[in-house]
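A.B. asks: Protein chains in written order, with my numbering: chain A, 1 to 438; chain B, 1 to 424.
Careful, some of the hints might be misleading.
[Claimed, not checked] Simulated crosslink set (DSBU-like; lysine-lysine; CA at most 35 angstroms straight-line):
1. A:K197 / B:K219
2. A:K190 / A:K155
3. B:K11 / A:K197
4. A:K363 / B:K11
5. B:K11 / A:K375
6. A:K53 / B:K56
[Unchecked claim] Ranges between beta-carbon positions, derived for each pair:
7. A:V203 / B:Q12: 23 to 33 angstroms
8. A:P199 / B:G40: 40 to 50 angstroms
9. A:E231 / B:Q75: 42 to 52 angstroms
10. A:P199 / B:S123: 34 to 44 angstroms
11. B:S123 / A:A145: 54 to 64 angstroms
12. B:N333 / A:V203: 21 to 31 angstroms
13. B:A184 / A:P199: 35 to 45 angstroms
14. B:A184 / A:L69: 48 to 58 angstroms
15. A:D420 / B:H227: 56 to 66 angstroms
[Said to hold, decoys possible] Chain B regions said to be covered by chain A (calculated; three or more residues, Cβ under 8 angstroms):
16. 21 to 28
17. 123 to 136
Please keep in mind that the hints were generated in silico from the structure rather than gathered at the bench. A virtual CB, placed ideally from N, CA and C, is assigned to each residue, including glycine.
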Amino acid sequence: MPTLVSHPDEVKVLSRRFGQGAADIDKYIELDGYKAVQKAIAEGPEWIINTMKASGLRGRGGAGFPTGLKWSFVPKQSEKPKYVLVNGDESEPGTCKDHVIFLHDPHAIIEGTMIAGLAIGSKMGFIYLRGEYRYLLKIVEKAVADAYARGFLGKNIFGSGIDFDIITQSGAGAYEVGEESALMESLEGKRGVPRIKPPFPAVVGLYGGPTVINNAETIASAPHILLMGGEEYAKIGSERNGGTRLFGISGHVERPGVYELPMGYNLKKAIYDVAGGIKDGKKLKAVVPGGSSCPVLLPEEIDVGLDFDQMGKAGTMLGSGGIVVLDETVSIVEFALRTISFYQHESCGWCIPCREGTDWIKKTLSRVYNGGGTKKDVANVQYLAENMMGRTFCPLGDAAAMPTLGFVKKFRKEFEDYIDGQKAGTPIITVEQLVGAH
Amino acid sequence: MPDVKFIVDGKQLTAPAGTLLIDACKSAGIEIPAFCYYPGLSLQAACRMCVVRIEKMPKLQTACTTPVAEGMVVQTETPEISQARKATLQLLLGNHPLDCPVCDAGGECELQDMTFKYGAAESFYAEPKNHREEQKWSPAVYFDRPRCILCYRCVRMCGEGMDVFALGIQNRGSSAVIAPNIPAQLSPDNLAHLDCEQCGMCIDACPVGALTSGTYRYKTRPWEMNHVSTICTHCGDGCKTTLGVRSTSDGAEIVRGDNRDKSGINGDFLCNKGRYAFDFANSPERITSPMIRQADGSLKEVSWEEAFTFTGKKLRELRDTRGGSSIGVLGGNRLTNEEAYLLQKFARTVLGTNNIDHHRTADYVTFAQALAGQKGRTASWRDTQNFPAVLISRWRSHQPGSRNRVEPSLRCPPQQGEALHRQH
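Could you put the whole structure together from the sequences, leaning on the hints where they help?
C.D. replies: This is how it looks when you write it as structure tokens:
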């Protein structure tokens with residue numbers, strides 16, 4: 001189990017049970033567990049949705065859509081069963097927040113799923129974990145089994161006359177399945193490719209039924225919000241960005257780890273104060289602020305609040321809360337290649353711009369990295385990325401294009417110097433030699 | 001559905017609510033390019049060629065998935081849109097082999113046409129194209145993987161259109177590939193094969209030369225043939241087929257059959273007989289003139305005039321000496337309804353007999369009713385699309401067209417099909 005980190009600036013809402021053995025149901029109950037769901041049953045769906053709206057909670061998967069509003073879109077009457085889906089397909093490089101929740105507080109996710117179910121009138125929830133989190137599935141399955149054994153799940157939960165079941169499912173290892181409609185396809189046993197929208201899941205989702213699909217962290221926030229009250233939760237965060245968020249700070253910092261900080265917390269402070277600054281006293285070179293799909297920030301750009309709106313104004317995104325810190329030793333050429341390699345590998349192949357675009361950017365950057373680059377290649381990479389932006393079927397294409405554009409625009413000189421340096425130095429590998437090696 | 005008004009490229013248009021923008025534009029004479037969109041098959045939005053600018057929408061939208069709406073203002077050709085399409089073509093051409101001079105589809109290839117239109121002629125990739133050897137899936141179907149642009153038309157045509165599901169997609173990302181139902185690892189010869197009826201619909205649907213016909217490939221160029229629309233003679237369904245006919249030194253040769261104009265009652269459909277069974281036309285064993293059996297048992301070639309005179313004489317003799325009821329008439333199963341009608345008319349009024357039969361006894365009752373002019377005539381193909389239920393007896397019929405009309409409708413009725421596509 002990874003060591004937990006902490007810092008005085010943290011506001012422990014989601015993480016308050018971390019490290020206390022709350023995966024055990026008795027411990028969870030002792031720490032106010034399953035109180036929120038009982039309150040939810042007593043107060044009813046309208047109260048739940050109003051509280052969630054008041055909390056200002058915005059989706060923690062990365063898009064930042066207001067959760068209460070999302071829940072309110074689900075039609076009250078439906079011929080088909082309604083579902084709650086927990087998106088635990090946490091695959092964005094640099095992101096490790098859902099991981100710690102599943103590890104330390106799986107019952108919070110179960111309780112949150114039940115609350116979402118009560119809010120929309122659903123009788124069934126699914127918890128979907130990414131394929132690479134199979135080892136966490138055991139923890140979640142045990143938690144679900146324990147909840148069933150106590151009668152918290154199943155028929156007539158807490159004597160309410162309402163039934164609620166939870167099914168756990170592991171993915172097969174596809175980043176694309178983190179996209180909500182691709183996740184539903186996967187859960188239905190099909191190829192993990194996204195669906196055409198509209199209709200949106202709230203109207204036509206899993207098995208054609210109205211579906212609420214939320215990120216695991218969003219779902220785990222719900223019980224805390226109901227217990228503390230929506231307004232109280234909203235007060236913690238910044239304007240229009242309620243509450244706290246788990247930030248995974250990784251890379252070249254002294255104390256990497258997952259920290260729970262209020263929304264709007266300063267990014268520079270998070271790096272230099274909370275995470276202890278740049279490792280070994282080196283200089284900061286760049287920050288990828290919200291998972292690898294977010295455009296990179298330069299050192300002079302990081303004095304900004306960590307919330308959806310402020311990060312958007314700064315020309316990047318809050319994303320999934322995975323802050324990757326790069327020191328002066330990092331080659332941006334290599335980092336850009338590593339990033340695009342991930343998206344090239346994970347592109348589902350459904351649409352042309354993403355399938356072919358990621359592949360050509362990767363091929364071009366590989367050659368540049370290996371010493372066969374020309375300055376035209378940098379322009380070509382930018383052209384490819386610009387022509388992927390906004391043109392793909394789902395956001396994966398944007399996720400690949402945005403960071404690429406950030407790198408080639410903000411570090412263009414480094415790319416050009418790299419290409420010149422390789423030419424001046426030894427050994428020189430020509431394009432012909434490189435491509436002839438195929 | 002009530003009509004809605006909307007504006008495309010400055011023109012005021014109307015169409016029933018729910019019509020897809022791409023179809024509404026086509027009806028108004030505005031062509032929006034697309035690879036993956038194929039009328040009647042589920043929507044994909046995968047090729048991104050049909051992107052258009054719709055007012056108040058932040059991004060370009062796919063016309064193939066957007067239903068028209070009241071007051072919608074659309075632009076289909078702007079520099080931004082042309083650039084998006086050009087960039088998509090550049091991406092496709094990056095790996096497409098450009099062996100157009102020897103490709104069967106050269107000259108009738110949608111990728112060629114779009115490249116011509118949007119001018120993605122320059123390539124800036126230094127890396128070699130992904131090459132893979134061509135695969136012979138069956139004697140009728142060949143697959144050239146590098147030419148494939150992954151529009152999934154063949155997969156949908158085979159599954160949704162034909163209810164066969166012999167094609168699928170393997171792998172993901174740039175490794176994604178169309179695959180037949182017998183993968184190499186399950187095959188004794190370690191090669192992938194297509195185990196199906198070989199209807200060839202996947203070849204017709206392919207917008208490029210990725211799927212080619214085993215009987216036609218490398219034989220000629222599309223512009224060297226006359227494309228002759230005709231009715232297939234292999235059964236009574238009456239499907240339209242287009243024969244590619246090439247002049248030869250001693251006449252003409254049929255080189256291929258396909259369904260390029262789609263205006264027949266068969267719509268998109270053409271079965272393997274209509275597509276491949278034409279080699280008899282130039283067979284040396286083909287009987288090309290009538291023959292009369294001689295006293296010694298041998299057959300003698302005669303002219304049609306002689307044959308009709310002989311047959312007429314014999315029939316008249318029989319009718320006049322033994323009465324019309326001594327003659328029976330059997331219709332063959334390749335007759336059209338019209339021909340069958342004429343045959344019975346001839347039998348009753350000329351031969352004076354009511355002994356009329358059809359060799360397919362299972363169909364006799366409806367057939368006879370139809371002949372008697374009763375209202376409950378045989379059902380038409382159009383009826384099969386609208387009836388709430390169809391009782392099927394002795395399936396695997398000799399009429400693949402009829403089966404094709406009914407089978408996919410059973411699984412996915414067209415009216416609901418549209419709704420299903422919207423949902424998924």
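A.B. asks: Are the hints correct? Go through all of them and say.
C.D. replies: Each hint tested on the structure:
1. A:K197 / B:K219: Not OK: K197 (chain A) and K219 (chain B) at ~44 angstroms, beyond 35 angstroms, violated.
2. A:K190 / A:K155: holds, 30 angstroms
3. B:K11 / A:K197: holds, 27 angstroms
4. A:K363 / B:K11: The hint is violated at about 44 angstroms.
5. B:K11 / A:K375: Violated, at roughly 45 angstroms.
6. A:K53 / B:K56: With Cα atoms ~27 angstroms apart, K53 (chain A) and K56 (chain B) stay inside 35 angstroms; holds.
7. A:V203 / B:Q12: 23 to 33 angstroms: About 31 angstroms separates the Cβ atoms of V203 (chain A) and Q12 (chain B), which means 23 to 33 angstroms holds.
8. A:P199 / B:G40: 40 to 50 angstroms: violated, 21 angstroms
9. A:E231 / B:Q75: 42 to 52 angstroms: holds, 46 angstroms
10. A:P199 / B:S123: 34 to 44 angstroms: holds, 40 angstroms
11. B:S123 / A:A145: 54 to 64 angstroms: holds, 58 angstroms
12. B:N333 / A:V203: 21 to 31 angstroms: violated, 50 angstroms
13. B:A184 / A:P199: 35 to 45 angstroms: holds, 39 angstroms
14. B:A184 / A:L69: 48 to 58 angstroms: holds, 50 angstroms
15. A:D420 / B:H227: 56 to 66 angstroms: Roughly 58 angstroms apart at Cβ, these two residues keep to the hinted range, so it holds.
16. 21 to 28: violated (count 0)
17. 123 to 136: It holds: at least three residues are needed, and the segment 123 to 136 of chain B offers 5 whose Cβ sits within less than 8 angstroms of chain A.
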